[in-house]
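Student: Work out the full structure: start from the sequences and follow the hints.
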Amino acid sequence: MYTFSNRLKIGSFILMAVGVLGIAIGFLSAPSSIEEAKAMVATHEEGHGSSHAEAEDHGNAAMSADAHNEEHGASHDEHVFHRLQNKPWAALYVAAFFFFMIALGVLAFYAIQRAAQAGWSPLLFRVMEGITAYLVPGGIIVFVILVLSVLHMNHLFIWMDSEVVAHDHLLQGKSGYLNPTFFLIRAAIFLGGWIFYREYSRKLSIRQDEAKDDSNFKLNFKWSAGFLVFYLVTESMMSWDWIMSVEPHWFSTLFGWYVFASMFVSGITVIAMVTVYLKSKGFLPDVNDSHIHDLAKFMFGISIFWTYLWFSQFMLIWYSNIPEEVTYYVARIADYRLPFFGMVAMNFLFPVLLLMNSDYKRINWFVILTGIVILAGHYIDVFNMIMPSTVGDQWFIGIPELGAILFFAGLFIFWVFRALTTAPLQPKRNPFIEESRHFHY
Amino acid sequence: MASKTIHAYYNDDDVLMHAVKKVKAARHHIEEVYCPFPVHGLDKAMGLAPTRIAITSFIYGCIGLTVAIVMMNFIMIKDWPQDIGGKPSFSYIENMPAFVPIMFELTVFFAAHLMVITFYLRSRLWPFKKAENPDVRTTDDHFVMEIEIHENENELRDLLIDTGAVEINIIEKDTH
Numbered sequence: 001m002y003t004f005s006n007r008l009k010i011g012s013f014i015l016m017a018v019g020v021l022g023i024a025i026g027f028l029s030a031p032s033s034i035e036e037a038k039a040m041v042a043t044h045e046e047g048h049g050s051s052h053a054e055a056e057d058h059g060n061a062a063m064s065a066d067a068h069n070e071e072h073g074a075s076h077d078e079h080v081f082h083r084l085q086n087k088p089w090a091a092l093y094v095a096a097f098f099f100f101m102i103a104l105g106v107l108a109f110y111a112i113q114r115a116a117q118a119g120w121s122p123l124l125f126r127v128m129e130g131i132t133a134y135l136v137p138g139g140i141i142v143f144v145i146l147v148l149s150v151l152h153m154n155h156l157f158i159w160m161d162s163e164v165v166a167h168d169h170l171l172q173g174k175s176g177y178l179n180p181t182f183f184l185i186r187a188a189i190f191l192g193g194w195i196f197y198r199e200y201s202r203k204l205s206i207r208q209d210e211a212k213d214d215s216n217f218k219l220n221f222k223w224s225a226g227f228l229v230f231y232l233v234t235e236s237m238m239s240w241d242w243i244m245s246v247e248p249h250w251f252s253t254l255f256g257w258y259v260f261a262s263m264f265v266s267g268i269t270v271i272a273m274v275t276v277y278l279k280s281k282g283f284l285p286d287v288n289d290s291h292i293h294d295l296a297k298f299m300f301g302i303s304i305f306w307t308y309l310w311f312s313q314f315m316l317i318w319y320s321n322i323p324e325e326v327t328y329y330v331a332r333i334a335d336y337r338l339p340f341f342g343m344v345a346m347n348f349l350f351p352v353l354l355l356m357n358s359d360y361k362r363i364n365w366f367v368i369l370t371g372i373v374i375l376a377g378h379y380i381d382v383f384n385m386i387m388p389s390t391v392g393d394q395w396f397i398g399i400p401e402l403g404a405i406l407f408f409a410g411l412f413i414f415w416v417f418r419a420l421t422t423a424p425l426q427p428k429r430n431p432f433i434e435e436s437r438h439f440h441y
Numbered sequence: 001m002a003s004k005t006i007h008a009y010y011n012d013d014d015v016l017m018h019a020v021k022k023v024k025a026a027r028h029h030i031e032e033v034y035c036p037f038p039v040h041g042l043d044k045a046m047g048l049a050p051t052r053i054a055i056t057s058f059i060y061g062c063i064g065l066t067v068a069i070v071m072m073n074f075i076m077i078k079d080w081p082q083d084i085g086g087k088p089s090f091s092y093i094e095n096m097p098a099f100v101p102i103m104f105e106l107t108v109f110f111a112a113h114l115m116v117i118t119f120y121l122r123s124r125l126w127p128f129k130k131a132e133n134p135d136v137r138t139t140d141d142h143f144v145m146e147i148e149i150h151e152n153e154n155e156l157r158d159l160l161i162d163t164g165a166v167e168i169n170i171i172e173k174d175t176h
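Just so you know, the sequences run in chain order A and B. Position 63 (the first sequence) corresponds to 63 in this note's numbering; numbering is contiguous. Position 152 (the second sequence) corresponds to 152 in this note's numbering; numbering is contiguous.
Rather than coming from a laboratory, the hints here were simulated on the basis of the structure. Keep in mind that a hint or two might mislead.
[Said to hold, decoys possible] Examples of chain B residues toward chain A, derived with CB under 8 Å:
#1 P97
#2 A98
#3 V100
For each residue, glycine too, the CB sits at the ideal point set by N, CA and C.
Tutor: Written out as structure tokens, the structure reads:
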């Protein structure tokens, strides 16, 4: 049995406390009126004027507030006001979704391992089950944020504003799908299905430990295969709902896959990191370097898969350059140049060069190091998907963003490691456990 | 120099593995082992150095990437920068997404083909090469361990019979 070390527990509480503070500061410093927003943009320019030298090329970012004031007048001010108001919400949403998607990616990996009857991974099932325990609190938090959006507490989803829809022909055309009630029903179905599979599979997995036959294992296999079908459909729709719809004028067909690749690689990375941590504390005596090697191979391969999808989506839109689609990337390259291209370096170049060597995949601290880069890269990936559509050129990775990351990191660590204490860390009667124990690459 | 070698025949890969370990433990130099199929772990048991072919492949891939970049840069940007359907041919980086498929394919092409050729060269394989197997059965269901004899024929024979060899032949052999 795993015991939650006090240092880790206190560490997670500190992260949560600091995080709550950061989130609170974010909400308190958001402007409550258009005048305040104008004042904030003005001081922001004085402070950061020189560092935004690039903006002059585009002629829209830092210079815009003053230059455009006379032209657009009130409508521009209102626009900036909404974006600044969105900032703490978007920061919260990005971090909430990022940590939730890690748990969901792990759940997909877990179901695949069960459905594929992998011989190497059963030793890691309890680690994966521990991480997927975060689905419940993480999913509820994301759902609450979505409900608050529907209740007009924020402007993350522009199509929820009936004022906007009334003047927007395109949004009217999509309102059969993008309407608040249906949106929440869908979200509830997705979360319900995922959480149900997680809890049920976990129950079967624990029951198998004490069983006399393999019926629990076989039932788990069937549910896992069924879940994967459900997951592929719902994950795709979830990515349209929760991420793509922040930019409701834009659409992309491979978006679901792209989000999937991001959550899958983050999930595998977290499995590897938690496994290495538990192993270093002596709780997983049978896990050897070959298990870590396999996880690192997955991190390597899925990182390339993510890049493949990222590039396919980018290149197809860049190449054809159809105005209705290309605005998505124009906004990102104009205002998010460093995060947008920086994440390609972090999510592709780093893992490819660091994890290509077979020996390096067996060095535990090396896997952790690469894992940190991959996780940071995929946070920026989610950041790049949400922020340009919600806060636009007003983005910054400051107190609200870091606060939200720290809070959810603390909650994630607390919940995952608490869940790990509730069952023995190595399954007992799994039919593949002996193979997994002697797994050697 | 005509030297004598001993050929020990085995008909099971597990027995062969144990035999290799025993012969190594007795500090005899194993000249060669002929197998009908890859025996997992045999190279480790024989103490063979790990292959470096993956490293060569990485280098070939880098060469392929460089070839693709230099080629596309010269053709599309330097030599005749035409406006083709509005693609920006002002600098390589501006038009890079269009070149990525070529960069990728040439990287893979160089890495794969040059590595295969390296493999053929290093293991001396080519069409019309004379086959080097000591016994046709080694391609079907027998394993042969080849050890050179240095005036220790009887001792070696006893050791090999002890390891479960099903047949032992002494070969007078010319230098190859």
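Student: Are the hints correct? Go through all of them and say.
Tutor: Quick rundown of the hints versus the structure:
Taking 8 Å as the C-beta contact cut-off toward chain A, the hint placing P97/B at the interface holds, the least distance being around 5 Å. The closest approach between the C-beta of A98/B and any C-beta of chain A is roughly 7 Å, which is under the 8 Å cut-off, so the hint is satisfied. A least Cβ separation of about 7 Å between V100/B and chain A falls short of the 8 Å threshold, and the interface hint therefore holds.
When each numbered hint is compared with the structure, no violation occurs for any of them.
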